[in-house]
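Asks: One-letter residues, chain by chain:
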Amino acid sequence: MKIAIIQFGGSNCDLDVLHVLQDVVGVDAELVWYKEEDLNQYDGAVIPGGFSYGDYLRAGAIAARTPIMDAIKKMASEGKPIMGICNGFQVLTESGLLDGALMTNKYPKFRCETTYLKVENTDTPFTSKFKKGEIVKIPIAHMEGNFYADKDTLARLNDNGQIVFKYSDKNGNVTDNVNPNGSQENIAGIIDPNRNVIGLMPHPERASEAILGSEDGIRMFQSMVDYIAKK
Amino acid sequence: MQYHAEVTIELKSGMLDPEGTTIKRALGHLGYQTESVATAKKYMIELDAESAGSAKQMVDEMCQKLIANPIIHNYTIELGESK
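Sequences listed follow chains B and D, in order. The first sequence maps to residues 0 to 230 in numbering that gives the first Met the number 0. The second sequence maps to residues 0 to 82 in numbering that gives the first Met the number 0.
The set of hints was computed from the structure by calculation and includes no laboratory data. Here the structure is a predicted model, which is why all the values come from computation and not from measurement. Backbone N, C-alpha and C fix where the C-beta goes; we use that ideal spot for every residue, glycine too. Watch out, some of these pointers could steer you wrong.
[Unchecked claim] Short, incomplete list of chain B residues facing chain D, as computed with Cβ under 8 Å:
1. G8
2. E93
3. K105
4. F109
5. P192
6. N193
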């Protein structure tokens, strides 16, 4: 089993994800530069956080139109698990693999802090190791994380159980007060209708070792590896 | 023929525009009361095309494929011959 970590110019969480996958989870993973057009040898992919192409045009917009994204779309159509974290989530919405858009935070500030998330759906390749309704502690670091989708799309996301994480307080209350960026319905992460492409603004790789203050994030990577192993 | 296109990208009406809101507030600090402030981005593009029609069509495609995000944006294209 091998997982690809996609590197764009300006990715900056790529090495953190590599460390977590290789050294903490213990799975074969490697960095893949965005000019690669063939990802057939990989069983899954992570699009890491950062500021690809300086966030020029819109966050994730340029990266979403690079050659490697055709290969990512192919992987997605084959049912392989793909996780987009932060800028990776922005890339996935810009590429059309995920619904909606990530706009400038309602209060236009770069928010870098611990957030609590409520796990809304555990029936996905990325959340099988969580309990439904569980509250997890995973940090955010972004200025464009304000999830927006039109009314019909939002209704569809709800009806299909595509909303995976919501910002909450540590007791699980989903309120405006704990919404860090103005996202509709406190949405922090969603999955595609086929349930193998997930995007989330929080950084699970920054919450994957006790020394970092939380190990909740590791279970996302473990769930992903578990899913690939069972396929 | 060379054409000059000016593409203006705006947020769809009713969408949050935090930058506009912040500028409106700052104008208030300077003593200017405004009804609203909205931001937009403008791109100036020079291109060769056989006719104004095909130039406009190309720029429209550019907007749909890259320059605008149709989920959140409206865009307008003004086209003229390059000077």
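Asks: A separate judgement is required for each hint: does it hold in the structure or not?
Replies: Hint check results:
no., hint, in the structure
1, G8, "17 Å, violated"
2, E93, "7 Å, holds"
3, K105, "6 Å, holds"
4, F109, "12 Å, violated"
5, P192, "17 Å, violated"
6, N193, "20 Å, violated"
Consistency with the previously given hints fails for numbers 1, 4, 5 and 6, ordered from lowest to highest.
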